[in-house]
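Enquirer: The primary structure of each chain is shown beneath.
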Amino acid sequence: AQTVTQSQPEMSVQEAETVTLSCTYDTSESNYYLFWYKQPPSRQMILVIRQEAYKQQNATENRFSVNFQKAAKSFSLKISDSQLGDTAMYFCAFMGGFGNEKLTFGTGTRLTIIP
Amino acid sequence: EAQVTQNPRYLITVTGKKLTVTCSQNMNHEYMSWYRQDPGLGLRQIYYSMNVEVTDKGDVPEGYKVSRKEKRNFPLILESPSPNQTSLYFCASGLRGTNYGYTFGSGTRLTVV
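From first to last, the protein sequence lines are chains A and B.
Using my numbering, the letters of the first sequence map in sequence onto residues 142 to 256.
Using my numbering, the letters of the second sequence map in sequence onto residues 194 to 306.
In isolation and in its complexed conformation, chain A is listed as follows (with noise of 0.2 angstroms):
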């Protein structure tokens, strides 16, 4: 069974620098995915970020980016220029294959964005 471990409870942030929330996961598979969700405070799940295993280059979305170390099983996430609107609490989630389809989250990092 897959395990996705996030090691920070809580993080803060002044507004405009950089975070960088870590994760780790477990994993005999080969081909998967990583996700990085957003949860703000009205609760809603908001997919940030995605990742193909079998992809070396490592994605960007805007502001977003994840550095991916497969060999390690580490895919952190890093917020550049960080805004209050970013005060969320991040979840770190697994996704195998074909077949193996669940998703299987981490217990999460809550991040403040102070001005």
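Worth flagging that the hints you see were computed from the coordinates, not collected in a lab.
Worth double-checking, as some hints may not be accurate.
Unchecked claim - The calculated lysine to any residue pairs, modelled on SDA-like cross-linking and capped at a C-alpha distance of 25 angstroms, are:
#	chain 1	residue 1	chain 2	residue 2
1	B	K211	B	Y257
2	A	K243	B	E246
3	B	K250	B	E194
4	A	K196	A	K243
5	A	K243	B	D231
6	B	K250	B	T291
7	B	K250	B	L212
8	A	K243	B	G300
9	A	K243	B	K210
10	A	K243	B	V247
11	A	K243	B	P232
12	B	K258	B	P268
13	B	K250	A	G237
14	B	K264	B	M220
15	A	K243	B	L234
16	A	K243	B	N292
17	A	K219	B	G235
18	A	K196	B	R289
19	B	K262	B	V306
20	B	K211	B	L281
As the structure is a computational prediction, the values presented were derived from the model and not from experiment.
Given the coordinates of chain A, assemble chain B onto it according to the supplied hints.
Expert: Chain B only, in chain A's frame:
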């Protein structure tokens, strides 16, 4: 608008009184799933369904039932709720084979007293 609709958004009930949380998606997704979210535990899968009439247990199925009679609907049933089922519940759906993650409903905050 493509969405997953969950109802109700908030629910307070008493121990032992049967309840149903509804979930409906309009995206023709084969895969649907229920999660519960608890502080410090993240989201844990309760049940999932790969297609109509196909359901299976997730990680924390005890005390819950589901059904998938139609592709768009996937209700969660608590036949005899207990206080340890007080939680935030999410329904999610996805298209099989795309691995683009899921679309989530807006959540149901359930309190069992």
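Enquirer: Which numbered hints are broken by the structure, listed smallest first?
Expert: Those not satisfied are hints 3, 9 and 19.
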